[in-house]
Amino acid sequence: MPEASAAGPWRSAAERLAASAAARAALALLCGLVLFALLAPALSPWRPDGLDWQHLAASPGAAGGHWLGTDRLGRDLLVRSAAGLRLSLAVSVLASLVSLAIGVSYGAIAGFAGPRTDGAMMRFVDVLYAMPYLFIVIILTSLFPRGSLTVLFVALGAVGWLTTARLVRGQARALRHREFILAARTLGLAPAALLVRHAVPNLLGPVVAYASLAVPQMILFEGFLSFLGLGVQEPNASLGNLIAQGAQEMSSAPWMLIVPSGLLVLLILSLNLLGDALRDALDPREH
Amino acid sequence: MPWTPVSTEPRGPLLALERFGVGYAGPASFTTVASDIDLSVAPGECLAVVGESGAGKSQLFLAVVGLLGAGGQVWGSARLAGRELVGLPEAQLAQLRGRDVGLVFQDPSSALTPHLTIGTQLAEVRRRHLNESARAARSGALELLEQVHLADAARRLGQFPHELSGGMRQRVMIALALAAAPRLLIADEPTTALDATLQAQILALLAELKRARGLAVVLITHDLASVTGLADELAVLRAGRILEQGRAAAILARPREPYTARLIASARAALEARPPAPAGAGAAAALELEAVSVDLPVNRGLLRRPAQLRALDAVSLRLAEGASLGLVGESGSGKSTLARAALALLKIAHGRIVWLGSDPGVLPAAQLRRRRRDLQLIFQDPIASLDPRRRCLELVTEGLEVHEPHLSGAERHAAARRMLARVGLAEELERRYPHQLSGGQCQRVALARALVLSPRVLVCDEPLSALDAATREEIIELIATLRARERVSLLFISHDLAAVRTLCQEVLVLYLGRGIEQAPTAALFAQPRHPYTRELLAAIPALDPKLEAARLAAVRTGEPPSPLAPPSGCHYRSRCSYAEARCATERPPWEEVAPQRQVACLRWRELAGQL
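These protein sequence lines are chains P and L, in that order.
Each residue of the first sequence is one higher than the one before, starting from 1206 at the first, in the working numbering.
Each residue of the second sequence is one higher than the one before, starting from 25 at the first, in the working numbering.
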């Protein structure tokens, strides 16, 4: 028997993921979007903040090489959307990963800890939950320079991990008394090894499903913050502020709304599909 | 009376199968589950269908009432009271189920709807099938619960399934199956999930219903011994065909087929096994419990503080090096709590535990973890005790990674493979996940995982109860051989007294968290000293239909009292037929009545000759 038998649950999960058609489609779509976000600004003659006075609010396919049209100031919408997608993706994926890492470890530790530690840790989460979100953001903006990406990142991450921690903690509580966890304890596993080897792989299913929903949620949050003037500021573009602007011009220049929202829909679709496939792949019982 | 009166005119069978068959059309091929089945059941009779798991016995009768999976097909003829069922449209079959045929399944907890009260569920069936008014259905439900001898029936109507014990739930299931007064009851392994005393109670109930109501009963089981008291007719099913059928008494006395003979012989062997010879008195203790008590918190709703349940009350035991000790008792008697406490997986409230000379309660955490390799645990549900996300080989090597970090990966694999071979797991299965294996195979993996660490003590917590008869015997045999070869002391917890007799030199009986009697196995079976031990032994089925019928007729109903409010004094007094006034006030001391023999009964001297 080849040594692959001991490759562990992660490698087996990757193999199962590669075998799923939905996962491959979702990955292809996601890669396409990422490539578009990275390459379009570099390959196009237009710059995201470059103005074209000849074509103000031009509709898609119109002359001047603006395939997807321009906005009120004559900025190329294709390039601008690509730049916005890049920024949104970077901020939301990074913030999701960070909040996931914090949330999973915090929740798993609380779930497996004694009742006192668990109580203290979860009450702390409750306190943070109870703070008005905007209040936190406003405090943060006074600490950092206006429009800085750090604010956005910290603001998204600070709140994102709370839900994950609660979710994971509940899962961990339920796992704690399962027989295979007891069996691992009788083998003499140290608490850290118990968490990493047996607890976390078995509670990731719902977490992955949640994370695939969290990324789009982060993007929408970012849009909301930008709309309030707390997030990404002009002339930088994010999907959020592009959609906010597009919404104002909806009746006169619908493409300004359709292009960035279309990208957002594709992105959310691919992430959700990928999340579904990941959850299945992480559970060998599905196969 | 909601029951259809038994007609006195002589009639043919109620259910008759002729050249009946079931099969499934798969994407590529057609699989026959059972074929050429000729069977019949008369009113007031019980047909027992016996076979190993996979013989197709459940599928066969589910198919009769139209409960087929996707792609399922039936052929031949199945007539219920003269009406042909094969080819009947699904709507009419659905009408039939519940009204004409009642079904009882193995697992009563998953067959009852958790969020509806018992009363609602019973009334629902009566309103649907008998068109009763809500009020009539309600009183009918109460009547049904009384007929299945559910204690405190009026209060149970308003309770939810999770508030009842396993035995009570099985009674409710039977009441539910009988709610619309069917004439045929199909019971699929109705007692497999229950312990011996409850098993006898449920069988006695079925026997009574059969006799009193003229109910035809089809009893599907893998356990030949459990049906001898109830079955009039017996059919032995193997690989989808009937091997032998006839009057139960005749087959049990003179089986024609070698396979049937083998089934009977192995059931008999399990019942009449010679226990292993007792160990010498001199050996050092591998595991000792000194008056250990354990309290478990029990939630009492959202706003009240959890109550403390005394799950284990000053229990002492001593397991000598190389010896085997059996722990028996009903469900809820604290057997599993004792196993977990002995392995320092639970906090103990009082007392002391000694592992090979040291107290795990005072060891620093890191040392405690190192010592854990010496005491290993095998669980009741083999599939749940294996991490679902790891393959068999990884599961077995894990302990070595912790305790023998100096080994290379290849060495660990070699050691794990050697152990998997020793427990009899085929090599091609080592890359499987637990859910891809059968219960027996998973239990072998669990044994390999424990034994690869060369432990000194192996604690088995009901390792057999999730397995079917044939696998059960294989695992008993495996544990016996491994115990001898690996020189491991065995603490074997089970409600299966036959298995305890085969494996253990000594037995400790628990009742509601207290030790009741401890004795060498042969002595305990020959001459119990505690009335409760006597009752437990009486629950062991015999393979003689006459003896069995008499035994079932004598079965007393009664659930053990709630462990949250045990009777004062002697816990057993509420069920004991020898109880007197002082049993309610004094706790019986744990007295030595003979060498290596203890009992906790105030009247053991007077009762010595009577039990």
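Hints should not be assumed to be uniformly reliable.
Unchecked claim - Here are some, though not all, of the chain L residues that point toward chain P, as calculated from beta-carbon distances under 10 Å:
| hint | residue |
| --- | --- |
| 1 | H459 |
| 2 | L461 |
| 3 | S586 |
What the hints assert, rightly or not - Here are the simulated SDA-like cross-link-like pairs (lysine to any residue), alpha carbons at most 20 Å apart as the crow flies:
| hint | chain 1 | residue 1 | chain 2 | residue 2 |
| --- | --- | --- | --- | --- |
| 4 | L | K371 | P | T1322 |
| 5 | L | K371 | P | I1386 |
| 6 | L | K371 | L | E345 |
| 7 | L | K570 | L | S157 |
| 8 | L | K371 | P | H1382 |
| 9 | L | K371 | P | L1345 |
Simulated from the structure, these hints should not be mistaken for lab results.
For glycine and all other residues, C-beta sits at the position ideal for the given N, C-alpha and C.
Okay, the hints, checked on the actual structure:
The interface hint given for L:H459 is met, as the beta carbon of that residue sits about 5 Å from the closest beta carbon of chain P, less than 10 Å. Below 10 Å, beta-carbon pairs count as interface contacts, and L:L461 has none with chain P, the closest being about 12 Å; its hint is therefore violated. Of the supplied interface hints, the one on L:S586 is violated, with its beta-carbon coming no nearer than about 22 Å to a beta-carbon of chain P, more than 10 Å. With a CA separation close to 17 Å, the supplied pair L:K371 and P:T1322 stays within the 20 Å bound.
Restraint check: the Cα-Cα separation between L:K371 and P:I1386 comes to about 17 Å, which is no more than 20 Å; the hinted pair holds. For the suggested pair L:K371 and L:E345, the alpha carbons sit about 25 Å apart, so the restraint of at most 20 Å is broken. A C-alpha spacing of about 44 Å is found between L:K570 and L:S157, which places the hinted pair above 20 Å, so the restraint is violated. Simply put, L:K371 and P:H1382 have alpha-carbon atoms about 14 Å apart, close enough for the 20 Å limit, and the pair holds.
A C-alpha spacing of about 46 Å is found between L:K371 and P:L1345, which places the hinted pair above 20 Å, so the restraint is violated.
When the structure is compared with the earlier hints, violations turn up for hints 2, 3, 6, 7, 9 and for no others.
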